[in-house]
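Number of protein chains: 2
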Amino acid sequence: MRGFPPSKEARVTHAQQLLGPYNRWSFQNIQKLNPTAEVWRGEGAVVHFDREPRDLDGISYQRRNGSRYTFGEMLELSYTDGIAVIHQGKMIYERYLNSMQAHTLHAWASGSKSMTGTLAAMLAHEGLFDLENQITYYLPELKESGFAGATVQQAMDMTTTVKFRRVEGGPLTAHPSMVEDWQYSVTLGWLAKPEKYTGPETSYELLATMYRDGEHGERFTYQTPNSDILAWIIKRLLNKPLADIMQERIWSKMGVERDAAWVVGPTTEETSGSGLITTLRDMARFGQMMLQKGRFNGKQIVPEAVIEDMERVALPGSHNPMPYHNQWWLANNEHGAYYALGYGGQILYIDPSAQLVVAKMSSYPVPVDGGEEFFHAFAALPALANELVK
Amino acid sequence: MRGFPPSKEARVTHAQQLLGPYNRWSFQNIQKLNPTAEVWRGEGAVVHFDREPRDLDGISYQRRNGSRYTFGEMLELSYTDGIAVIHQGKMIYERYLNSMQAHTLHAWASGSKSMTGTLAAMLAHEGLFDLENQITYYLPELKESGFAGATVQQAMDMTTTVKFRRVEGGPLTAHPSMVEDWQYSVTLGWLAKPEKYTGPETSYELLATMYRDGEHGERFTYQTPNSDILAWIIKRLLNKPLADIMQERIWSKMGVERDAAWVVGPTTEETSGSGLITTLRDMARFGQMMLQKGRFNGKQIVPEAVIEDMERVALPGSHNPMPYHNQWWLANNEHGAYYALGYGGQILYIDPSAQLVVAKMSSYPVPVDGGEEFFHAFAALPALANELVK
Chain A
1 MRGFPPSKEA RVTHAQQLLG PYNRWSFQNI QKLNPTAEVW RGEGAVVHFD REPRDLDGIS
61 YQRRNGSRYT FGEMLELSYT DGIAVIHQGK MIYERYLNSM QAHTLHAWAS GSKSMTGTLA
121 AMLAHEGLFD LENQITYYLP ELKESGFAGA TVQQAMDMTT TVKFRRVEGG PLTAHPSMVE
181 DWQYSVTLGW LAKPEKYTGP ETSYELLATM YRDGEHGERF TYQTPNSDIL AWIIKRLLNK
241 PLADIMQERI WSKMGVERDA AWVVGPTTEE TSGSGLITTL RDMARFGQMM LQKGRFNGKQ
301 IVPEAVIEDM ERVALPGSHN PMPYHNQWWL ANNEHGAYYA LGYGGQILYI DPSAQLVVAK
361 MSSYPVPVDG GEEFFHAFAA LPALANELVK
Chain B
1 MRGFPPSKEA RVTHAQQLLG PYNRWSFQNI QKLNPTAEVW RGEGAVVHFD REPRDLDGIS
61 YQRRNGSRYT FGEMLELSYT DGIAVIHQGK MIYERYLNSM QAHTLHAWAS GSKSMTGTLA
121 AMLAHEGLFD LENQITYYLP ELKESGFAGA TVQQAMDMTT TVKFRRVEGG PLTAHPSMVE
181 DWQYSVTLGW LAKPEKYTGP ETSYELLATM YRDGEHGERF TYQTPNSDIL AWIIKRLLNK
241 PLADIMQERI WSKMGVERDA AWVVGPTTEE TSGSGLITTL RDMARFGQMM LQKGRFNGKQ
301 IVPEAVIEDM ERVALPGSHN PMPYHNQWWL ANNEHGAYYA LGYGGQILYI DPSAQLVVAK
361 MSSYPVPVDG GEEFFHAFAA LPALANELVK
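Chains as they are written, first to last, in UniProt numbering: chain A, 1 to 390; chain B, 1 to 390.
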């Protein structure tokens with residue numbers, strides 16, 4: 001997006017923002033294309049990481065197909081915009097590419113779910129609600145929907161079996177890994193409303209139209225509306241927007257460098273499963289807080305028990321059959337690593353065993369079948385962890 | 001905007017945001033309804049005002065119709081959301097109403113013009129361009145438009161005589177004091193594009209369609225496109241968005257508390273004459289910097305000569321026949337006061353003689369003929385200044 005005015009060819013529009021290569025620009029300029037709800041950092045001092053730089057570029061990793069690469073190569077191959085590596089609490093590596101700067105607010109995409117899930121987990125731990133209760137206990141509007149019979153914990157772990165009622169005739173949209181359903185994307189504000197649109201106006205209404213396809217709780221099905229369920233419950237019970245809850249419970253306590261923000265839909269509701277933006281370092285702070293069992297900046301921010309539950313489930317010996325817990329992905333490795341993940345390759349990787357946090361903002365432009373955008377990092381990060389614990 | 005989901009009656013939409021009473025909410029929630037370009041505050045420490053609270057509520061003023069009111073009454077009568085009074089560099093009064101908080105980002109509306117004008121004035125002073133040059137010297141795209149023959153200074157002072165080519169059939173919009181032309185508002189992003197819209201896509205294109213109605217330079221005609229001219233020139237010459245120019249030249253140097261932001265249009269261009277949002281205190285800091293002849297936070301931020309020119313023109317003896325200079329209103333009083341002004345009654349009032357700065361965020365819901373929303377403050381602020389210099 002260069003020039004005043006930018007040429008037609010140089011423009012990035014709202015309609016293009018989720019598509020590559022436009023997301024190489026849009027992920028760093030989300031607020032210029034979307035309405036957002038700010039998450040104020042508060043007034044406290046910034047908590048800076050101690051620094052002990054290490055050259056990690058030569059660390060070698062092997063992908064499942066056997067080919068070998070280095071950590072430095074991985075950065076380019078996975079379209080990294082920024083990466084920070086925190087080991088034993090010290091920042092040992094920080095790089096920015098693709099014009100990203102330390103103060104740039106970058107899209108987390110689906111990594112946002114892990115923020116929403118963490119808020120839900122901590123509020124449930126405090127007794128605001130019961131994860132084993134049915135979703136419809138808190139959201140009676142959904143009694144006739146496919147969510148009936150599912151527990152909140154099942155939404156947390158994405159083991160509900162809801163499906164979208166597909167409606168033909170939507171605008172040509174992005175890859176399904178970015179846009180699960182076009183009407184859903186309209187209600188989130190990610191897609192403009194087509195002319196003569198008669199579908200649900202808000203994601204609240206859309207959730208009520210989803211239907212059940214099988215028994216809840218038996219299998220993992222990645223569906224962003226589960227995140228909306230969590231956000232809706234805590235917003236209703238606290239009578240506050242998600243952005244304000246995040247501000248009060250997490251963001252204003254962490255000594256972050258900058259405000260965060262959420263993309264909001266037509267009733268200014270936050271896109272709880274897709275729309276968070278923060279700086280890279282603030283993402284790293286959030287990860288380090290998780291690594292430190294919820295303690296950061298001299299405060300217990302997330303209850304220790306919430307993190308210990310996550311760490312326990314993340315260990316292969318926990319016999320947890322699902323790859324996802326409380327809106328975090330489980331690496332299923334001996335380190336008990338878990339991570340937030342966005343479709344552009346954004347990762348917040350937490351390895352308790354190696355005392356490692358990797359925050360990685362990326363803008364993989366074209367998702368490919370098999371998830372090429374993820375697997376470089378998925379091979380590189382455990383290799384990095386192994387190197388660090390040597 | 002209450003409830004999850006908010007009831008239809010409780011919703012404030014993009015289409016309503018400029019209208020009362022919705023602007024009582026929307027002016028404090030601009031980012032939730034519009035895309036914005038952030039203006040980073042930088043990394044420096046916050047510059048706090050010393051405080052020496054005074055009770056100003058009883059100060060009496062008389063309106064032109066003879067009726068008397070008090071400063072405290074004025075706050076409610078002019079739909080104040082927040083007000084800060086700085087006298088001799090000390091904050092002597094600070095009040096928030098209508099749910100506004102100290103960290104709330106509030107719309108400046110047309111007060112934004114004074115930020116754009118100040119940036120243009122300082123850059124012209126540095127030699128980036130010449131205010132006496134023709135606008136079309138920098139913007140040849142406008143050679144066939146009504147701006148041909150006008151100087152940049154005439155745009156600064158709103159003495160160009162351009163008019164909109166009115167096009168019928170626009171959506172029902174707000175009062176003309178908020179929306180000068182519906183197609184113009186569409187290009188700024190303040191109004192959604194109606195179905196089958198065939199008008200200009202951007203404000204850049206719209207400016208080229210305006211025509212001349214009389215000799216430039218002879219009379220004052222308040223037209224927001226003049227602000228766009230200034231922003232366009234400095235963006236083009238520096239090859240940066242207005243938000244970035246403001247960040248580098250002013251915002252990152254002032255020790256402000258929070259980032260600012262600009263509402264942006266369809267090519268992410270800032271609404272240079274209407275779309276700035278900041279906290280109340282940061283507005284006051286900007287005013288205090290002007291009062292201190294451009295010096296604040298230990299830095300000369302705006303050149304002293306730029307302020308001295310403003311102060312000179314603002315004195316009635318200057319024989320300046322126009323009420324507006326460099327995108328600031330001139331109070332035309334013996335104190336040489338000048339001010340930024342938004343249609344909701346937002347005012348940044350600078351009285352060099354009384355060493356007074358008043359920052360006032362307001363959301364007057366229904367503009368009335370004759371400007372009821374302004375005249376309470378217009379009577380109260382000089383009365384306050386007179387009280388302070390007693």
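Because the hints were derived from the structure by calculation, they are not lab data. One thing to keep in mind: the hints can contain errors.
The list cannot tell twin chains apart, which means a pair is met if one copy fits it or any two copies do.
To be verified - Straight-line alpha carbon distances no greater than 25 Å define the calculated DSS-like cross-link-like pairs of lysine-lysine that follow:
| id | residue 1 | residue 2 |
| --- | --- | --- |
| 1 | K8 | K143 |
| 2 | K8 | K240 |
| 3 | K163 | K240 |
| 4 | K293 | K163 |
| 5 | K293 | K90 |
| 6 | K196 | K253 |
Do the hints match the structure? See the list:
1. For a Cα distance limit of 25 Å, the shortest separation of K8 from K143 across copies, 21 Å, qualifies, whereas the shortest one inside one copy, 48 Å, does not.
2. When the C-alpha separation of K8 and K240 is checked against a cutoff of 25 Å, the pair qualifies only between copies, where the shortest distance is 18 Å, while the shortest distance within a copy is 41 Å.
3. Proximity of K163 to K240 under the C-alpha cut-off of 25 Å is found in neither arrangement, the shortest distances being 28 Å within a copy and 45 Å between copies.
4. Within a single copy, K293 and K163 get their C-alpha atoms no closer than 35 Å, and across copies no closer than 63 Å, so neither meets the 25 Å cut-off.
5. Taking CA atoms no more than 25 Å apart as the test, K293 paired with K90 passes inside one copy only; the shortest distance there is 16 Å, against 44 Å between copies.
6. For the identical chains of this complex, K196 and K253 are neighbours neither inside a copy (45 Å) nor across copies (49 Å), given an alpha-carbon limit of 25 Å.
When held up to the earlier numbered hints, the structure conflicts with 3, 4, 6 and fits the remainder.
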